[in-house]
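Chemist: So you can see what is in the structure, the chains are spelled out below.
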Amino acid sequence: MMELEVGLILILAMVGLVLAGVPIGLGLAFLSFLGIWLIRENFDLAGRLLANAAYAAISDYLFATIPLFVLMGLLVTISGVGRDTFDVARYLLRRLRGGLGMATVGANAVFGAVTGISIASAAVFTKVAVPQMLRFGYTPRFAVGTVAGSSILGMLIPPSLLMIIYGVLAEVSIGRLFIAGIIPGLIMASAFMLMIWLMARFRPHLVQSETGMTAPLPAETAGSLATKSVPILALVLLVLGGLYSGFFTPTEAGAVGAFGALIIALLRRQLDLPRFWRILMETGYVSVGILFLLIAASMYSRMLTIAGIPVSIAEMIRDLGLGPYGFLFVYVVFIVLLGMIIDSSSILLIVTPIAVPIATGLGIDLIHFGIITVIAVEIGLLTPPFGISAFAVKATLDDRRIGVETIFAGAFPFVCVMLAVLALIAAFPGLALVLSGPA
Amino acid sequence: MSEVDTLDEAAQAAAARPPADVFGRVLWTLNAFGTLMIAAMMALIVADVVGRSFLNAPINGVAEICAKGIVAIVFLQLPAAVRSDRLTRADFLLSRWRIRAPRAAALLEVLFAAVGVFVFVVIFRAAWPQFVEALERAEFFGVQGVWTLPTWPIRGAILLGCAGAAAAALLHGIAHLLKVFRR
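Sequence order for the protein chains is A and B. As numbered in numbering that gives the first Met the number 0, residues 0 to 438 make up the first sequence, in order. As numbered in numbering that gives the first Met the number 0, residues 0 to 182 make up the second sequence, in order.
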C-alpha cells in the first residue's frame with residue numbers, strides 16, 4: 000500500500016508542478032527519482048535508473064524518426080508548397096459556397112500528409128489562406144477559426160509526431176499507426192468540409208459578411224495546376240506509399256521524405272545555405288524538446304510500474320464496472336480537460352503509461368485506442384486557455400485587430416465536429432483498423 | 000509558449016547564430032555538432048535506401064548507428080535548449096504571474112532551475128562510472144567480426160550534456176535569484 004500512496008502523491012505533485020510551469024521533462028525526471036528513492040529507499044539505485052534511462056530509453060532506430068519528420072515539416076513549410084496546394088484546392092472548389100474555407104481544409108489535409116506538426120500547418124495557412132478569405136468578405140472569425148481548426152489534420156493524417164510518441168509509449172508499431180490514421184483523417188477532413196458547406200448554406204452571415212461575393216476564378220491552366228500539385232503529391236506518394244507497401248520503415252520514410260522536401264525546396268529556389276542551417280538548428284531545438292520528454296517519460300513509467308499504479312488503477316476501473324465505452328468516455332473527457340492546460344505531447348507522456356494497461360485489460364485494440372487518443376489530445380490544441388494551434392495562428396497573423404479569443408471562437412465548430420468524429424471512430428473500430436489491421 | 004517562437008523567422012535566425020559570451024559559444028558548438036549529426040543521419044539513411052534498392056549494396060549497421068547516434072544528438076543539444084529556455088513547459092499561469100507578481104514568478108523559476116541542476120547532477124554522477132567502465136572494458140556495439148564501434152563516445156556525450164545542462168540551469172537560477180532580490 001505504501002508504494003501506491005507514494006505513487007499517487009507523486010502524480011498529484013506532478014500535476015501541480017506542471018501547472019506552475021516546470022519544464023515538463025525535468026519535473027517528470029525529478030519526481031521519478033524521488034518516487035524510486037522513497038519506495039526502494041536507495042538513493043544510488045534511483046540515480047542509476049535515471050542514468051540507464053538516459054542511455055537506453057531512446058536508443059532505438061525508431062527515435063530517429065522524430066528529427067527527420069520535424070526536418071521534413073520545416074522544409075516543406077519554407078518551400079512554398081503550402082501556397083501551391085491552397086491554389087489548387089481553391090481552383091477545384093471555386094464554384095462552391097464557402098469554397099475558400101473548404102479549400103483551406105482540403106489543402107491542410109494534403110499538407111498534413113507531408114508534415115507531422117500542427118503548428119507548422121497553422122503557420123503556413125495563416126499566411127496563405129487568411130488574407131485571401133478576408134479579401135473576399137469572409138468574416139475574420141471564420142477565417143482564423145478555419146485555419147486553426149483544420150491545422151489539426153497535420154497530426155492526424157500521417158506522418159504525425161503525436162502518433163510516434165504514442166506508439167513509443169504504448170509499444171505499438173508506428174508504421175501501422177500511421178496507416179490507421181489515414182481513414183480517420185479523411186473522415187475528419189470531409190466532416191470539416193461538410194460543416195463549412197452547411198454553415199455557408201444555412202448560416203451564411205457566419206461565413207461571409209458580404210453575401211454574394213464570390214472569389215473570381217483564379218487564373219489557372221492545366222500546366223500551372225500540374226506544376227503546383229506534382230511536387231507535393233510526389234512527396235505524399237513517396238512517404239505514404241513507401242510506408243503502406245512496407246518498403247520503408249517509418250525512420251526511412253522520414254529520411255527519404257526530408258530529403259525529398261530538401262530537393263523540392265532547392266528546385267523552387269527557396270533554400271540557401273544560411274536558411275538551411277537555420278532550419279537544421281530549429282529541427283534540433285524542436286526534436287531535443289520531444290526526445291528529452293520521452294527520456295523523462297520512460298523514467299516516469301518505470302516509477303509508476305515500481306509503485307504498482309497501472310495495475311491498481313486498472314483494478315479500480317474494473318471494480319467501477321465501467322466497461323470499454325464507459326472507460327473511453329471518462330478517458331476522453333479527462334484528456335480534453337488536460338488539453339486545456341498542458342501541451343499535447345506532455346499529455347501523452349503523463350496519461351499513456353497509465354491508460355494503456357487499462358485499455359488492454361478491457362480488450363480495446365491499442366491501435367484503435369491510439370487514434371482515439373490522438374484525436375482527443377488534438378482537441379486540446381484548439382481549446383482555451385492553452386490551445387497551441389490558436390496561439391500559432393495569432394503569432395503568425397499580422398493583424399492586431401483579431402484577438403486570440405476570436406480564434407478560439409472560430410475554432411469551436413471544429414471542436415464539435417472533432418468530438419462527433421471521435422465518437423464515430425470509437426464506435427466503429429474498423430474505421431481505424433481496416434487498413435492497418437489490429438495491433 | 001516557447002513553441003510559438005519557432006514560427007518567427009527572426010527568432011529562428013537569432014537562435015542559429017553563435018551567442019557572444021564564451022559559455023554560450025561552447026553550448027552553441029555542442030548544439031551545432033548535434034545538428035550536423037541530424038543532417039548526417041538523414042544522408043546515411045537515404046544512402047542506405049538507395050544502395051539497397053538500386054545498387055544492391057546496403058550499408059551495414061545504419062539502424063544501430065542511428066539508434067546510438069540519436070542519444071548523442073539529444074545530449075549534445077540539451078544544454079543549449081536549457082540555456083535558451085526551450086524545454087517544453089506549460090507557462091500560461093507563470094506568464095500571468097510574471098506580470099502580476101514578478102518576484103513570486105522569479106522565485107518559482109529559481110525553484111525549477113534547482114530541480115534542473117539536481118536532476119542533471121544525479122544523472123551525471125550515476126553515468127560517470129558507466130562511462131569509465133565502457134572506456135576500460137572497450138565496450139562496443141555492432142556485429143562482432145563485421146563492424147563494431149565503441150560506446151564510450153555516446154556515454155561521454157551524456158556526461159557532457161548533463162554537465163552543460165546543469166551549468167546552464169545553474170546560471171538560470173542565479174539570474175532569477177538576482178531578480179527576486181532586486182529592488
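The hints are simulated quantities; they were obtained by calculation from the structure and are not laboratory data. Misleading hints may appear alongside valid ones.
Said to hold, decoys possible - Covered by chain B, per the in silico footprint, the following chain A stretches (three or more residues, Cβ under 8 Å):
1. 255-264
2. 357-368
Stated by the list, open to error - Only part of the chain B face toward chain A is listed, based on derived beta-carbon distances under 8 Å:
3. THR34
4. LEU54
5. ILE58
6. VAL70
7. GLN76
8. THR87
9. VAL118
10. ARG124
To be verified - Chain A stretches covered by chain B per the calculated footprint, using a threshold of three residues with CB under 8 Å from any CB of chain B:
11. 66-75
12. 179-185
13. 281-288
14. 302-310
15. 419-431
The beta carbon of each residue, even a glycine, is placed where N, CA and C say it ideally should be.
Chemist: Identify whether the interface hint at VAL70(B) stands, where standing means a beta carbon of chain A within less than 8 Å of its own.
Modeler: 5 Å, holds
Chemist: Was the hint right that ILE58(B) lines chain A, CB cutoff 8 Å?
Modeler: Interface hint status for ILE58(B): violated (12 Å vs cutoff 8 Å).
Chemist: Between the stretch 66-75 of chain A and chain B, see if three or more residues pass the 8 Å beta-carbon test, and mark the coverage as holds or violated.
Modeler: Answer holds; 3 residues pass the 8 Å Cβ test.
Chemist: Answer holds if the nearest beta-carbon of chain A is closer than 8 Å to that of THR87(B); otherwise answer violated.
Modeler: It holds, given that the least Cβ distance between THR87(B) and chain A is near 5 Å, below 8 Å.
Chemist: Residue count check for the stretch 419-431 of chain A against chain B: does it reach three with CB-CB under 8 Å?
Modeler: violated (count 0)
Chemist: Under 8 Å is the threshold here; is the Cβ of GLN76(B) close enough to any Cβ of chain A for the hint to stand?
Modeler: Interface hint status for GLN76(B): holds (4 Å vs cutoff 8 Å).
Chemist: Classify the hint on ARG124(B) as holds or violated, based on whether any CB of chain A lies nearer than 8 Å to its CB.
Modeler: Because about 6 Å separates ARG124(B) from the closest Cβ in chain A, which is inside the 8 Å limit, the hint holds.
Chemist: Test coverage of the stretch 357-368 of chain A by chain B using CB-CB distances below 8 Å; three residues minimum.
Modeler: The restraint on the stretch 357-368 of chain A is violated, since only 0 of its residues have a Cβ under 8 Å from chain B and three are required.
Chemist: Would the hint on LEU54(B) be counted as holding, given a Cβ-Cβ threshold of 8 Å to chain A?
Modeler: 16 Å, violated
Chemist: Quick one: see if chain B covers the stretch 302-310 of chain A, three-plus residues with Cβ-Cβ under 8 Å.
Modeler: violated (count 0)
Chemist: Verify the coverage statement for the stretch 281-288 of chain A against chain B, using a C-beta to C-beta distance below 8 Å and requiring 3 or more qualifying residues.
Modeler: Coverage by chain B holds here, the residue count being 8 at a Cβ distance below 8 Å.
Chemist: Take the shortest C-beta to C-beta distance between THR34(B) and chain A; is it under 8 Å?
Modeler: 4 Å, holds
In summary, the numbered hints that this structure violates are 2, 4, 5, 12, 14, 15.
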